[in-house]
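Sequences listed follow chains A and B, in order. For any residue, its number in this note's numbering is found by taking its place in the first sequence, counting from 1, and adding 656. For any residue, its number in this note's numbering is found by taking its place in the second sequence, counting from 1, and adding 656.
A hint or two may mislead.
Any copy, or any two copies together, can satisfy a pair, since identical chains are not distinguished.
[What the hints assert, rightly or not] Simulated pairs of lysine to any residue, SDA-like, Cα-Cα distance not exceeding 25 Å:
1) Lys691 to Arg709
2) Lys691 to Phe800
3) Lys816 to Asp705
4) Lys673 to Leu683
5) Lys691 to Gly771
6) Lys691 to Glu741
7) Lys691 to Leu749
8) Lys816 to Thr801
9) Lys813 to Thr823
10) Lys691 to Gly764
11) Lys816 to Asp839
12) Lys821 to Tyr810
13) Lys821 to Leu749
14) Lys691 to Gly678
15) Lys673 to Phe800
16) Lys672 to Glu750
17) Lys821 to Gln848
18) Lys691 to Pro724
19) Lys691 to Ser767
20) Lys813 to Gly832
21) Lys691 to Arg711
22) Lys813 to Ala770
23) Lys691 to Glu781
Rather than coming from a laboratory, the hints here were simulated on the basis of the structure. The structure displayed is predicted, hence computed values, not measured ones.
Now for the letters of each chain:
2 protein chains.
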Amino acid sequence: MITNTSSLTRLVGELKKLPGVGERTALRLAFHLLKSPQNLTALADSLLDVRNRIRACSVCFSITEDDPCSICTGNRDNGTICVVENFQDLMALERSNAYHGVYHVLEGAISPLAGIGPSELRIAELLERVGQGIVNEVVIATNFTVEGEATALYLTKALKSLNVKVTRLAHGIPLGSDIEFVDAATVQWALQGRSEL
Amino acid sequence: MITNTSSLTRLVGELKKLPGVGERTALRLAFHLLKSPQNLTALADSLLDVRNRIRACSVCFSITEDDPCSICTGNRDNGTICVVENFQDLMALERSNAYHGVYHVLEGAISPLAGIGPSELRIAELLERVGQGIVNEVVIATNFTVEGEATALYLTKALKSLNVKVTRLAHGIPLGSDIEFVDAATVQWALQGRSEL
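Work the whole structure out from these sequences, hints included.
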């Protein structure tokens with residue numbers, strides 16, 4: 657017995673499916689919501705709202721309420737496509753305020769161990785977009801992990817034949833870092849990519 | 657901008673109201689739910705289900721779907737009432753499998769600083785239950801905090817005039833404790849309450 661009421665037990669069960677939420681936390685969250693019925697209703701409503709309104713943009717596969725999304729239809733440089741693994745990465749790039757092109761969300765990265773090959777990602781759609789001829793540059797912004805690098809390598813090969821400039825985000829020392837504590841591979845990349853002042 | 661879509665931003669805002677959930681965690685939970693629409697729907701449904709079905713038991717003020725609750729209507733010793741601050745405390749006592757009477761949930765404890773006096777709690781209802789004459793013993797199981805102790809003191813005074821036995825849960829060394837690390841006040845209580853073997 658988690659609780660003596662089936663609906664509360666079911667809610668605790670659903671909350672436990674969230675990442676980082678165990679049984680104790682789920683119980684705490686459930687009792688917190690029980691104490692404030694307004695918050696409980698607002699949370700349920702906003703969940704249903706998200707389910708009903710959020711979809712993938714048919715152009716860039718970003719998350720959106722209107723299709724195509726506000727970035728695809730906005731006043732952006734359509735000649736540059738930045739390829740990211742997921743929407744969270746897109747948001748991080750948007751927060752930098754340094755990118756003015758459009759995006760393409762792959763919805764993952766190539767990972768043979770997890771059974772994700774190129775056909776499970778939005779790579780065919782990317783090649784089709786680039787093949788239409790208005791794209792000058794593809795900025796590959798997949799993560800700097802084994803999966804992200806493998807995806808970058810695969811994309812570079814696939815895009816080269818389409819006669820488009822392919823670039824990758826720079827490796828280097830993160831802002832605010834103490835060089836003493838930066839890993840050797842990053843220092844190596846930072847040295848190779850050094851620029852004249 | 658948290659996200660570029662208003663419904664997702666609203667969901668993140670609602671998740672942030674949960675205890676221990678900040679903006680980063682709320683975003684992580686929101687994206688997790690977005691990726692599994694079944695879980696999202698199930699969570700929303702179970703929230704609405706809890707809102708519609710859970711109420712306070714009209715006898716003991718415990719949380720229940722059926723009024724009176726399964727403990728009040730079950731095969732329990734109605735001559736013993738255990739007084740707890742909230743439903744979570746009731747669950748802890750039920751987990752012990754050592755109590756066979758009924759409960760009374762106060763819905764809080766006396767706390768002058770928080771503006772909670774005896775009239776904000778279910779104390780009048782407790783006195784009315786005890787006044788009906790079938791109760792032999794009231795076990796006070798409020799927390800061993802300043803507020804809980806103040807509530808226990810108040811209840812003891814109020815119940816004494818009703819000619820009923822009033823008891824309190826025992827203080828002492830918790831199971832599995834190293835006496836070296838137990839606080840002095842607890843050791844003092846454990847000594848005073850020592851029993852012959």
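- Hints the structure violates: just list their numbers, smallest first. 3, 11, 15, 20
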